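Peer 1: Each protein sequence line maps, in turn, to chains C and W.
Just so you know, we're using the working numbering here: the first sequence kicks off at 1 and counts up by one.
Just so you know, we're using the working numbering here: the second sequence kicks off at 1001 and counts up by one.
To be clear, the hints were calculated from the coordinates, so they are not data collected in a lab.
Just so it is clear, the structure is predicted and the values come from calculations on it, not from any experiment.
Certain hints may be false.
[To be verified] So the derived label-pair ranges between C-beta atoms look like this: (1) THR30(C) to GLN1071(W): 18 to 28 Å; (2) ASN1504(W) to GLY97(C): 51 to 61 Å; (3) ILE1213(W) to ASP71(C): 22 to 32 Å; (4) PHE147(C) to GLY1380(W): 45 to 55 Å; (5) GLU1184(W) to GLU54(C): 18 to 28 Å.
Just so you know, even glycine gets a beta-carbon here, dropped at the ideal spot from N, CA and C.
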Amino acid sequence: MSRYIIRRLLWMIPTLLGIMFIIFTISYLTPGDPAMIALGNNYTEEAYQAKIIEMGLDKGFITRYFIYIKDVVTKFDLGTSYSNLRPVRDLILEKVGVTLRLGLLSSLVTIVVGVTVGIIAAVKQYSAMDYIATSLSVLFSAMPGFFMALVCIIVFSLKLKWLPAAGLSTWRHYILPVLCLGLSPIAVVNRLTRSSMLDVIRQDYIRTARAKGVDERTVITKHALRNALIPVITVIGGQLSMVIGGSVIIESIFSIPGMGTLMMTGINNRDYPIIQGTVLVLSIVICVVNLLVDLAYAAVDPRIKAQYYGGDKRKRRDDKGEGKAKKKGAA
Amino acid sequence: MKKIGRIVATLLTITLILSLLAACGGGGNTPGSSPDASPDAGTNSGSGQSSAPDGASAEPTDTTLVYGTTQKYNYFNPYGGATGAYYFMSLVFDRLWEVDKETTEVTSRIFSSYEWEDDVTLKCVLKPGIIFNDGTEAKGEDVIYSLQKSIIDGDNFSYYTSKVDYDKSYVGDDGMTAYIVFLEPYGAAVNIFAQVPLVSKAFCDAHPNNDPIWWSDPVGSGPYRIIEAVTDDSAVYARRDDYWNSDYSFEVSELTVKHYSDGTAMWVDLQNGVIDVALPLSATQAGDLVSNPGEFTLATQSLYDVPVLVLRETNEYLSDIRVREAIAYAIDFDSVAAITFGELSAPANSHFTSDFACYNNNQPYEYNADRAKQVLADAGYAEGEIMLDFIAVNDGFQHIVAEAVQGYLGAIGITVNVQTYDPGTAIPMLIGGEADLAYFGVSNGNPEMEPDQFFSAFAGNGSFKTMAIQDEYFNSLLDRALVSVDQNERAELYRQADAWMYENFYALPICEKLEGLAYNSRIESIDIISQGKGCLGDVTFAK
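For reference, chain C alone in the conformation it holds in the complex (with noise of 0.2 Å):
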């Protein structure tokens, strides 16, 4: 298992070596000067010049590429920013734990609530229960996030005023924000969740368990949910991602400084350093996330367990079977 887990992680460089190519070539390539942006209305061609070689902008793209990459991989320096003059390793820094806190505070919300209505919806089918999920499910995956967190400050904070609107210094802060982000993740994990569910209970190995007298929890959450959740596992992986690359909005809205917001500034600035090591960082969010996800199927699924483990094994077996066939052959 950990020679599996140490091979993802290596295979996660040649991913970011390529993630970084490519954000590179677009920021290069995307219409906008920095320098001029920076100058605004005081713009004027010697100006212009002198800024051009202090952004660094005046070497050429391979150079530029290779003095990035240099940096980032020997200094993890992800340069300065050129609105902010801050390091953008400082500013990710600050930033990263807040949309870190906020993704990982909605993808749990979305895994319990996803996960249990689905189960009780496929469990108690046709019941009211299921169609109220079912309703519920239709309407928060239809709604975008944005209109949602408006609907939710005019509500909660306007007109109820249980809830604070802006912020995220008390608990109570983070309520809306991880509704918002997380109400269609658990739209999707909730449906999916009861189709899985209901196509496990109906096979012969349930009603077998039931016939031999197990109690009906039992059934459910050790026969059922184990074997149910393989799908679920990998929309869950995906829903993960969407979460973290999907609070720029939410963040806007209820003017929380994560990542999301310190993106958009990057990129209406043109501020190259930002945009690049934010895609960056959020990159290795994702890899990480998804090895995770990779090693939940494990958790969950025995075969795939025993294939991490079994392939391992079974090349210690064979290459210490080999080694006593050739001392035995040398002898």
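Following the hints, complete the assembly by docking chain W onto the known chain C.
Peer 2: Quick look at chain W alone, frame taken from chain C:
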């Protein structure tokens, strides 16, 4: 064993969840949010509530204040980068000069005197006892360094400060007199340099721009000092009781500025009492307050800004004065301003507000579509012949102006193609002269704006090809005004330039922009761009 494993896993999960929630921070006194900042319906709870007994006139017991703003101000170094709003800087830094908008005279709170010794030498005598918030006293070298720093940092303002000859500039033997020597006569200096903050050379030398102290506790001589700052979130300023200038006093003892990336959230927090003042308001919010003021007061202040509709002189049609005249008559600028800025606009008949010495009380352009059509017809242009490109920046209102102009000009047979881009794309297009029509505004709330900052964009050798005007007479006025050190002569020359532009239908004034802010009943009056004080601390609490 499996059971134990499951129990352990459950306990670990619960611990993780609790840790995450704890890491969120619960009930802490972070800036802009007191523990009991729960929004209560119908009350006016700012962060800390003063409650004088009914009928009694008492001094407010709570002199803290919370501002909410959508303006970025995450970097407290006044040079380089995104420095943020003008009035936040004024809390921490005194400026070299200030312009009294009522008398249009240039004054200074830090100089006991200043005068031009000759055409290129400006002698400024610093008042003794100007103390920075680190306890050091300001000297003449700090004045010269305050100008030079923008060049050292490659700041946008270096365009102006580069006109100083720093090799020849020097400090007198008394250590308090700064002789600022220019490379050539530069009459705009005093007005332009009014925007320059006074900084400590010793502090700047010890702390480069990427030193984190510039985001948390910069040294300035202003009436407030930053005591807490969270990037892109909030900053807390405490009033300096050792502020050197006894002529000014401020009621606000502690001022918190909360940053919002979205105006809706700011508006809701104002309603809920989380903040006491919200600025700037959008046109919609200002309109809502006018209709339903409730417990809040809308205050508007001039932004000293007259945005204009730019007509590119080098366009084959716009080079004809009759086409420009027709455009001026075809557009109802008051209506354009009303739909764009709502309550936050006033009619304009000059390129400057009346606060400027070079203001001309011109006859407003008459909105007369029939007359516009007639002018075009007399000039020999067929309906639909003229096609123009309007390049707008997607800043929330330029496209509204562009579409309104498109509608009005369409009514007289001129086709306008509106293209909206983000600033990164639009600005290079404006510089490159790709736009026939554009929206342009320069002041953005700076009461010390020097007319040259507006006119230089239209000068023949200006960098924005969309705006450049090649007329010799016009450019000669600008050149003479730039070098003259006689402020009256400068004002007259700029008045003539303004009149010439107006009569020749260049840069059609759209409106005078106002800034709207709303405050609750804790405050009696507020004047954030007040003369002589000019900072957010200029608040009078309700007694």
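Peer 1: Hint by hint, note whether the structure agrees.
Peer 2: Hint by hint, here is what the structure shows:
1. THR30(C) to GLN1071(W): 18 to 28 Å: 26 Å, holds
2. ASN1504(W) to GLY97(C): 51 to 61 Å: 57 Å, holds
3. ILE1213(W) to ASP71(C): 22 to 32 Å: The hinted range 22 to 32 Å holds for ILE1213(W) and ASP71(C), with Cβ atoms some 25 Å apart.
4. PHE147(C) to GLY1380(W): 45 to 55 Å: At roughly 52 Å between Cβ atoms, GLY1380(W) and PHE147(C) fall inside 45 to 55 Å, so the hint holds.
5. GLU1184(W) to GLU54(C): 18 to 28 Å: For GLU54(C) against GLU1184(W), whose Cβ atoms are near 26 Å apart, the range 18 to 28 Å holds.
When each numbered hint is compared with the structure, no violation occurs for any of them.
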